[in-house]
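Novice: Here's the letter readout for the chains.
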Amino acid sequence: MAKVLMKGNEAIGEAAIRAGCIHFFGYPITPQSEVPEYLSRRLPEVGGLYLQAESEVAASNMIYGAAGVGVRVLTTSSSPGVSLMAEGLSYIAACELPCVLVNIMRAGPGLGGILPAQGDYLQATKGTAHGDFNLIVLAPSSVQEAVDLMLVAFELAEKYRNPVILIGDGMIGQMMEPVEFPEVKVGKPLGPTDYALTGCKGRERRIVNSLYLDAQKLNDHNEKLKAKFELITENEQRWEYYNTEEPFDVLLTGFGMMARICKTAVDVLKGEGINIGLFRPITAKPFPYKPLRELIDRSKRVLCVEMNMGQMLLDVQFAAEGTVPIDFYGKAGGIIPSVEDVVEQLRAAIAKAGGSRSGK
Amino acid sequence: MAVTEVLMAGFGGQGMLLSGKLLAYAAMEHGKEVSWLPSYGPEMRGGTANVTVCVSDDPVGSPYIIEPVALLVMNQPSLEKFGPRVKKGGIIVVNTSLIPITADRDDCTVLNIAANDIAKEAGTARAANLVMLGAYVGWSGIVDESVTIAKIEKEFASKAKFIPANVAAFKAGYAEGAKMKGGA
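Protein chains in written order, with my numbering: chain U, 1 to 360; chain P, 1001 to 1184.
Calculated directly from the structure, the hints in this document are not laboratory data. Note that the structure is predicted; figures quoted are calculated from it, not measured. You may find that some hints are simply not true.
Using 20 Å as the maximum straight-line C-alpha spacing, the simulated EDC-like pairs for lysine to aspartate or glutamate come out as follows [to be verified]:
1. U:Lys3 with P:Glu1029
2. U:Lys331 with U:Glu344
3. P:Lys1081 with U:Glu340
4. U:Lys3 with P:Asp1057
5. U:Lys3 with P:Glu1155
6. U:Lys228 with U:Glu96
7. P:Lys1088 with U:Glu340
Computed, partial: chain P to chain U, Cβ under 10 Å [claimed, not checked]:
8. Val1003
9. Ala1024
10. Ser1062
Cβ-Cβ distance ranges computed for the label pairs, FRET-style [claimed, not checked]:
11. U:Met309 with P:Gly1012: 24 to 34 Å
12. U:Leu197 with P:Gly1012: 42 to 52 Å
13. U:Lys352 with P:Ile1163: 55 to 65 Å
14. U:Ser40 with P:Pro1059: 24 to 34 Å
15. P:Gln1076 with U:Phe318: 48 to 58 Å
Just so it is clear, CB atoms sit at the ideal spot from N, CA and C, and this is done for glycine as well.
Turn these sequences into a full structure, and let the hints guide you.
Specialist: Written as structure tokens, this is what we have:
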């Protein structure tokens, strides 16, 4: 199939359809409103259901219901909206139902602003809502990768019966890039759904519920969820190394679109004969600690750049275990660190690391 | 070829985002990698709007550009904001129909194009954005004239009556740009 030029938000919507998801519940919010706009037009064309909820709280309970009856389901939102969906996500994770959520992050906290940001990394990876549960978190750095990861998102959600969240910033939602879509899979059924509420005539009743008043039973359920996430951690880590073949003193880290800006900064310094290694997690959760640590062990210093005040930084520090100094550079509010900014920060890090190894 | 970053800026409604889209479509037709990154602040009709298009042989790295190599401006605030940022040796296309000043840069090529007047002559002043695009394409040769015209025709396919004036405006801009190619 030929490449088409598409906005990230629209491409995400189309990718969901290609993944066989024809049920969407959501609520508009900048900068992700093109997803519901696109799906409101496209889903009726493919026999699907588009429903604009009265709020994000309602939308998250609608996806809970749809996942409970065993259909593939999507919701999308942006930062404040995702906070409103948090309660529902805890219930969905507790009930072990598959669904996909997309957060096209805007500047926070509070109502914040509508410009791009990465301030919801910790929300997605660490503390989405109450209780012990884990989301699988995917962080694309191009429109094509967002499309590819949407398919992965539905696969993982169903493989592990767990909610998956794809996090992008406003840039990836609003920009257009050429994308190629996989063949249409519309209508492909959702694997074995022995948990789904489909009417119990002729079979035993099924119950989708997250209330366990018996302490032991609830403890056992928590143990089960923990074991599941350990399995996910073992099997599903994804990451990218960039320019790491040659020796380097400074390792650069970032995720999503910020990592892509970092890549260009690495290329700029490479042009001057200075080697910088770059690490980018593709699964922000499970975070690829070991692959990052391997690069940290080859470096004298790490620079972490994000569009927030230092969130993935905590995972980088966790991976480093205090073995090397870690610098952080971040901007929030919708300000995007530029290639020039990152290069300047890298030069400072190189100086602190005591010179640099040549790229040649 | 290194990446070519083109920043197109003006008031909302002047069509610079569309000009950017047409450039991206045409570059894709040439097998180039492209990105199209709009400003999407709380703008409305009459507010400022801009888009950065990157055209490259290799996958586009950062689509977020501070210093573009080319700037197409439809209004004075955009010229004042972005003019000083254009890379040395770059090009600035100024719509002199709407901007009473020009770019104060000795180290760049400056094309002064009376885009609205040229567009009006071509059929509609509303196609000034395509005069600007034409001037840049004509001067730079970044994409073919005929390929871009085909993209304009496709873009306006559902409003076919607008095609002739828009194509004429692009062609008139292209001729102006081509005339100044090679330093005039």
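Novice: Just pull the numbers of the violated hints for me, sorted ascending.
Specialist: none
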